[in-house]
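A.B. asks: Each chain, written out:
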Amino acid sequence: MASLWEYANPVKFMKTSGWLLPVTAVLAAGAIVVGLVWGFFLTPDDFRQGSTVKIIFLHVPSALMAINAWAMMLVTSLIWLIRRHHVSALAAKAAGPIGATMTLIALITGAIWGQPMWGTWWVWDPRLTSFLILFLFYLGYIALWSAIDDPDTAADLTSVLCIVGTVFAVLSRYAAIFWNQGLHQGASLSMAPGTRMDWSYKGPLYLCMVGFVLLFLALVLAGTRTEIRSRRIKALLTRERAQG
Amino acid sequence: MMPDLGTYATEVTLAYVASLSMLAALIVWIWVRTRRVKRALQTLETRLKRTS
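Protein chains in written order, with this note's numbering: chain R, 1 to 244; chain E, 1001 to 1052.
Read the hints as simulated data drawn from the structure, not as lab findings. Hints should not be assumed to be uniformly reliable.
Mimicking BS3-like on lysine-lysine, the simulated pairs with C-alpha atoms at most 25 Å apart in a straight line are [to be verified]:
#: 1; chain 1: R; residue 1: K12; chain 2: E; residue 2: K1049
#: 2; chain 1: R; residue 1: K15; chain 2: R; residue 2: K234
#: 3; chain 1: R; residue 1: K234; chain 2: E; residue 2: K1038
#: 4; chain 1: R; residue 1: K12; chain 2: E; residue 2: K1038
#: 5; chain 1: E; residue 1: K1049; chain 2: R; residue 2: K202
#: 6; chain 1: R; residue 1: K15; chain 2: E; residue 2: K1049
#: 7; chain 1: R; residue 1: K234; chain 2: E; residue 2: K1049
Here the structure is a predicted model, which is why all the values come from computation and not from measurement.
Let's have the full structure, built from the sequences with the hints guiding it.
C.D. replies: Written out as structure tokens, the structure reads:
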């Protein structure tokens, strides 16, 4: 089996991602379309939430990816800091806007669901607040990449920011457990016996979650490929200028 | 074939329209940027090959 570190080579990464990207994109589109159509058109209303239960098929997968995108950025940032693999730093950079969009979708769908169910769009609940701070960290992360010209310095500083922001990614996931207060309920899905959600909802929800994971993977691959090409443009232009 | 969303039709529709719009915008932005950078690299490599 090929070592994972082989993909730190941009040529190897471009070659592998060249066939992996369309496969993941097609699988993502299939899973999301089937999951959302199933969830929106074919699931019954909940006895308490009514039709707002259908928002879960967007809210939970996007919240899942908001946190996991940051986790992926943390891993790739650590790889950059420890082993100085450029592809790793560029993958983290590519994941930033995707994670920010996922966080925004989770915040907006949560607010839209919360208005009729909780009677308010927003409360300064531990989980909601940590999610909002996570979104601000995403914006800061994207801004920091744009603000620094030297790519290695930008990778170093954004990696440090990513490590600091991980506190809020963890809090976003576990705030409801840590503080045991606020409006936001605990995990909707659980492996524990006596799980609370019926399979008529679990089926489309799992499919949407798989679809969002694959979509994230496809978009990160596409974004990383673009960052590698962009880096090559800069290198070629620098070499051209140096040659006069 | 639209399901009956009852009292919460506005909220559910709004959540779907907002989320899918944001996802579509993200995908289009990445796709457009990918094409633009790919084209710029091809143009540059062709130019450099010609001059060398």
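A.B. asks: Are the hints correct? Go through all of them and say.
C.D. replies: Hint by hint, here is what the structure shows:
At most 25 Å may separate the alpha-carbon atoms for a hinted pair to count; K12 of chain R and K1049 of chain E meet this at roughly 23 Å. About 21 Å separates the Cα atoms of K15 of chain R and K234 of chain R, which keeps this hinted pair within 25 Å; it holds. For the hint linking K234 of chain R to K1038 of chain E, the alpha-carbon distance of about 13 Å falls within 25 Å, and the restraint holds. A C-alpha spacing of about 17 Å is found between K12 of chain R and K1038 of chain E, which places the hinted pair at or below 25 Å, so the restraint holds.
Between K1049 of chain E and K202 of chain R, the direct Cα distance comes to roughly 56 Å. Violation of the 25 Å bound is thereby established for this hinted pair. The suggested pairing of K15 of chain R with K1049 of chain E holds, with an alpha-carbon distance near 22 Å, which does not exceed 25 Å. Only pairs whose Cα atoms come within 25 Å are accepted, and K234 of chain R paired with K1049 of chain E is accepted, the gap being roughly 16 Å.
Violated hint: 5 only; the structure is consistent with all others.
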